[in-house]
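> Now for the letters of each chain:
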Amino acid sequence: MARLHTNPTFNPLPARSFTTQLKPACVGAPHASAFYQTLISHCSDFISVFDEKGIYTYLGNSVKAQLGYEVEELLGTAALACVHPDDLAYMTEAFALLRQVPNAQLRRFRLQEKSGEWRWMQGMLTNLLQDQNVEGVLMVLQDVTALVEAETSKAHYQAYFESLFFGHPEAVFALDGLGAFTEVNSQVAELTGYTREETLGGHYHRFVHPDFIQHADEMFRQALAGHAQHTELSIISKQGQLKLLFITLVPVYAEGKAVGIQGIAQDITLAKKSQQLLNEQTTQLNNIVESIPDPFFVVDDAWRFEYVNTAFASFLGKPRTETVGKSILALHPSIEDTLFFEKCQEVAAHRTTVNFEESYPSSKFETIRYSIFPIKNGIAVHFEDFTAQKAILQELEKLSLVASKTTNGVVIMDAQCRIEWVNDGFCRLTGYTRAEVAGKVPSVLLQGPESDPAASRRIREKYESQQPFSEEILNYRKSGEKFWFAIDVTPIFDAQGQLTNYIAIETDITEKKDSEAKLTKLASDLLRQNLNLQQFAYMVSHNLRAPVANIIGLTSLLKKFDMRTAPYDKSLEKLEYSGHQLDTVIRDISTILTVREAVGVCQPEPVNLLALCREVLAPFEEQLQECKTELKLEVESRFEVLSIKAYLYSILYNLISNAIKFRANERPLLIRLGIAWGMHSYVLTFSDNGLGMDLHQAEDQLFKLYTRFHPDIPGKGIGLYLVKTQVEALGGKISVSSAPGIGTTFTISLGEEHV
Amino acid sequence: MYKKVFIVDDDEVSTFLTETALDAEGFAQAYESFVSGKQALAVLLPLLETRDDNALPDLILLDLNMPALTGWDFLQALHPYAGVLQQQCRIYILSSSVDESEMERASQNNLVAGFLQKPLLEDTVRKLLHGY
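As they're listed, the protein sequences go chains A and B.
If you're matching positions, the first sequence starts at 1 in this note's numbering and goes up one per residue.
If you're matching positions, the second sequence starts at 756 in this note's numbering and goes up one per residue.
Here chain B stands alone, though its shape is the one from the complex (with noise of 0.2 Å):
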């Protein structure tokens, strides 16, 4: 079980869906929405300064279909903070898209740990709790 997860999405419905599919398998201690990336940062990046590892969420799910400031852009942000938060954090892309060159972007990106399609089924939450 993680300790805390942070969603970061701008569409309500996809965030209700998450949580409740994550909730449901036990997932996590605690789950912190945001509904835009600049939300995100604006919690994240203090504690990446201040190296309070402790604050640090376990796990991210990043949608990259935002407003003003994409998934993209996002982890762009977080470049400078990629040695810790490889360590300290896995961030995954969910995304409705079902498109390949965002696949491979993804995956080309060495802060992304993996790529979701949303609606997150109980599979694939499983499989990331506990492997398999």
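Okay, chain A solo, but in the shape it has when bound (with noise of 0.2 Å):
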């Protein structure tokens, strides 16, 4: 422990203060050494003296008041003893300054009580080591412990308030009386986006949103007078964000009088979003489920109503007050063995969704479509009204039975024309399966190369007019067998008039479509027959009247000739030629209608082609011979066709007189037979080198009776018009080409029917 040490350059001032206040007192005093005795005694003050050395020479009576020591127990004592070791050092270096000066202002420093408690003490030193009556530093020490820790506990407090204040995680703020900031804490430039320093000075007004002002004004005229405030308002931030905040307004006393206030700021802007965000959707969930028409209901475990919608309270016919909290078994004992019942406790057992129609016979709903779905503590019940629904099945159930068990094809398309669904009937027309036929187009699949490509391209396009339409086409089975189809198809539209489906019914016409052909094929045998009858008459017209009418001319001739003359004579020869070509013709005729009326009644049979062929020539072989005639017969000595045997022998027969008739005499004589197959038939040829004919203008006439091309050569001209007869009666055609000077070639097709 440093002791103090009186130094020989002391030199103390007068200590002012303490003089002038000791003065009066000693000048007005009548017993000057008692009197101060006394004094001294008596001050609260601690009055202590020590030497220039720092040991106690003198110590007031207080001394025991203020530290709990007995004067002499200190007397001799170092004064600096009991110094605070922190004090310490500052209190030697104050007694060292007495040296130069003659009295110190001691600051607060510590000493030890008797008891070993610290007091505060502050005083005066004052150097009277030169006084005579004194000799040693007057040390006069005030206690200020109380002072000292009522000072600490304020510190505190300011500590206190400032952490409240700078450290609050919210934003708080001070405004003074007239609402500028007077303090912020740095989470409100978080909030505003002001800096402190463009914040303090400013009114709270610039911050408020415009809305808020009228009601942040009355808040804050309210706190300062007096009433702490919460209340919510936005303030526009220095970005211009819109911030929802919570705010505390507290009045700040001074002097009993509110001066300023203080306030803590809360964004609750995402709280408040979030928080109407769920009210939203409460209310929206809530307006969801109101806007069910059907009924929708809600029961918890114990089967009590939790929620009834508007449509189920109208369908019981009760307020929703009357429902919710009641149980349904309580309200309606009767469904208890209904099959609603058993699916509402499956759902609730099982927790799986249930979908299920009930039919209540004569109610106000007859079929009751319900949806029972679990929820949390509960099931959902929602139903409809499904009689009308349920009729409407029924119907389709009926129109569908009809669609499919119908003999008729029925199909149903996509807009693409796509086959979506057909009926059995179509399965059994065509021969395919429902899964071999989806999703194909139905033309695509069943019309082939002999369909008509004009009644394919008009379906085609009448599709695509969208437009209901008719057609009749041949298809085909998927076994390849031709069918004819009349088919009737509707194209079908939705209820904003797009097209949705073609509906096909398709009816097997074959039968009609033959019965057609045989038409057909019956109106052009008519028409060939009535060509045959008009070529009959001229024939009647000409070839027959004109030896009659040669016949009456040369009859009424002899009458005006005298018997045995020469004139005479030639007429009547004449008239026996006339009568003789009379009877030709008469012959050809009854030829040519047995060749007619034939038709029909004889039986075709298996004809041997070559071996006929060499019967019909037998008769020619002489003739054949002295032509030097080539015959090239190019015909399978096996072929055989079904044919009536005795017209092909006509035909041949003819065709082999004419070629030896009109041979090209410069030339031999070469008649060539062929056959070729077709599929469903076969084509003869007939071709000889002969003299040919100009077909320009012979063409049309060549097979007509009576009608000749060369006039030259003798003939009836009934050959061909007999073959082209016993050729169609055969059921097939002939045709001719033919050049003047080369030759002429018969074409012979049959049909197969003689096959």
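Hints are not guaranteed to be accurate.
[Claimed, not checked] Listed below are the simulated BS3-like cross-link pairs for lysine-lysine, each with C-alpha atoms no more than 25 Å apart in a straight line:
(1) A/K559 with A/K513
(2) A/K513 with A/K733
(3) A/K559 with B/K882
(4) A/K513 with A/K482
(5) A/K661 with B/K793
(6) A/K704 with A/K645
(7) B/K793 with A/K560
(8) A/K645 with A/K661
(9) B/K793 with A/K704
(10) A/K704 with A/K733
The set of hints was computed from the structure by calculation and includes no laboratory data.
In this text the structure is predicted, and so the values were computed from the model without any measurement.
Work from the hints to combine the two standalone chains into their complex.
Here you go:
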């Protein structure tokens, strides 16, 4: 412990305040020594004197009260001994200072009581070493412990306050009595975007949203009047953001009067938004459930109505208040036996949704369709009147039955003409299964090489026109068999007028088509017959009447001539000739009529073509040899055709006869007979290298009766007529090509029924 | 009396009868007969080409039903000379046909002066000659 040393150069100045305090007392005191003694002993200050070595030489009686020591205990001890170690350096220094100045103020320092407690002291040192009465340093100390303690406690409050203000996680601010910011914490800047400097001194109006200014002013006024406030208001940040704040305003009192306001602002924008969203969602959800036109309700685990919508309330005919909270079983005991309740229990037990229908004959809703689904702690039930739909469904079932069981084909296509469904009739008619045709386009699936391309195109165009239409078309079964369909197609449109489907009804009209074809053939046969009859009439008109006219002419002539004269004999000769001519024509007619009448009477028989040729050629053998004929019979020896042998004989006979008759004398005759097979027919070609004809003028005349092309060569003009008649009687066709000087070729096509 | 008459017919008996009937009435100075239209055209066409009007016949009797070239074909071949023929020569169809359609067809042809039916009898010949 350092000791305070007296300094030889110590030059204390008069301690003015002290002396001025003492002087009047000294001046006015009548008994000096006892007077001071009494004053000092009653002085509450701690008065002591220590010598230049720092040893107490005097202690006032108050030491007992101050520090608990008896005066005697401390006299002779070092004054610094009781000083707090932390204050010792200061005190040593202060003592040292007294060497230069007469007195020194002592700031607060601690002295130890006898009990060991520390007391805060402050006071004055006065250098009285030179004073003969004292010869020491006077130390007058006041106990300031209470003051120090009070001060310390205030500093704590301050610290608390500051940390509450500046360290608060929310924005904290202080406003003066006019509403200007006097202090803000850092959160305010974060909240408002304005720096502390920008904020301080400014009015709160600067931040508050215009809509809230009035409200803010009222709050401010109330707070200032001493009423703490909570409120929500919006501010606009420096960045222009709108923020919703929860604000607490607390009045600040000074000397019993509110001089300003402190506030805390909490950003509740997000919280408010979420809350708002939650509210909206709840409202919306409620609206949705309410807006369901069908009855809807929720029951809890104990079968109590938890929620019922308006539709359900009106279904029950009871206000909601009479239903909610009540047990469904208590209100409607009869449901216990229903399928509905059974399903409810099932849903409650298995926690799975069920949909089903239940019928209640002669009740408000005859058929009800339920949807029951599990929810937390209960089940939700939605149901609708299904009576009408049920009826529609039943009708649909009937329609579907008709569609599927009808003998006609029914096809439902999508808007792209792809098959969606076909009935059994379609499957039976086409031979395809339902699975095979699904997704296919009927036209593509069913039409084939012999389907009329024009009809096919028409069908395509009509589909595109989206108009109902009917068509007839040749189709192919899966087996490849051909058949005729009459199709009736109807496009189906939805409520918006959009094409959704085509429905086609398909009827097998093969029989009708066959009879049509037969009718057409019959008509064409009739036409041919008619033409033949015309030709026959012509023949009768000319060829039959020609000899008759001659006979008439000749007989009238004979009357004019005398018998046995040359003209008479000549006329008679001609008369005889004309008679024979008439006979020939009548025989021809008979032959022709025989051929015609025979059609349909004679039964076709297998005919070996090569053998027939040999048979026909036999009578011509001599003539053929004379003409040095070369025969080319390009027919297989075993080739047989199903035909009427007599006709084939006659045809070949006439053709060979003509070939010989109209041969070209300058070259040997060449006759060629060939046969070519078609799919369902065969073609005979008969050609020669004879005179030939200019068909330009003869083609349509060639096969006519009594038409002749070679006037110089005798003939009646009946051969080719007969050939044609017989070919036609066999159901075939004959055509000719010829060139003068080169030869003639006849082509005979015979139909499938004769193969 | 006509100067020259052509008979076109493949039926020789008919030609004999016609010629005899005409001659009996002193119908023409000369008769010329052809067994085919082709032969007749071979004579007629050069005369028409050269406009040798004196050599043309006054009258032609034409059969319809002939091989190769029918009476109708014959008329068709003469068609380009219709103008000359209508002035110089009368053509009559002489046919055994009693077919109405052929008579109708003949009446439509402006080269044809009339349709006569075989056999040609004296009444008809007189009408042709004297107009009664």
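> Hint by hint, say whether it matches the structure.
Now for the hints, and whether the structure bears them out:
no.: 1; hint: A/K559 with A/K513; in the structure: violated (67 Å)
no.: 2; hint: A/K513 with A/K733; in the structure: holds (24 Å)
no.: 3; hint: A/K559 with B/K882; in the structure: holds (22 Å)
no.: 4; hint: A/K513 with A/K482; in the structure: holds (12 Å)
no.: 5; hint: A/K661 with B/K793; in the structure: holds (21 Å)
no.: 6; hint: A/K704 with A/K645; in the structure: holds (23 Å)
no.: 7; hint: B/K793 with A/K560; in the structure: violated (34 Å)
no.: 8; hint: A/K645 with A/K661; in the structure: holds (24 Å)
no.: 9; hint: B/K793 with A/K704; in the structure: holds (20 Å)
no.: 10; hint: A/K704 with A/K733; in the structure: holds (15 Å)
Violated hints, in rising order: 1 and 7; the structure is consistent with all others.
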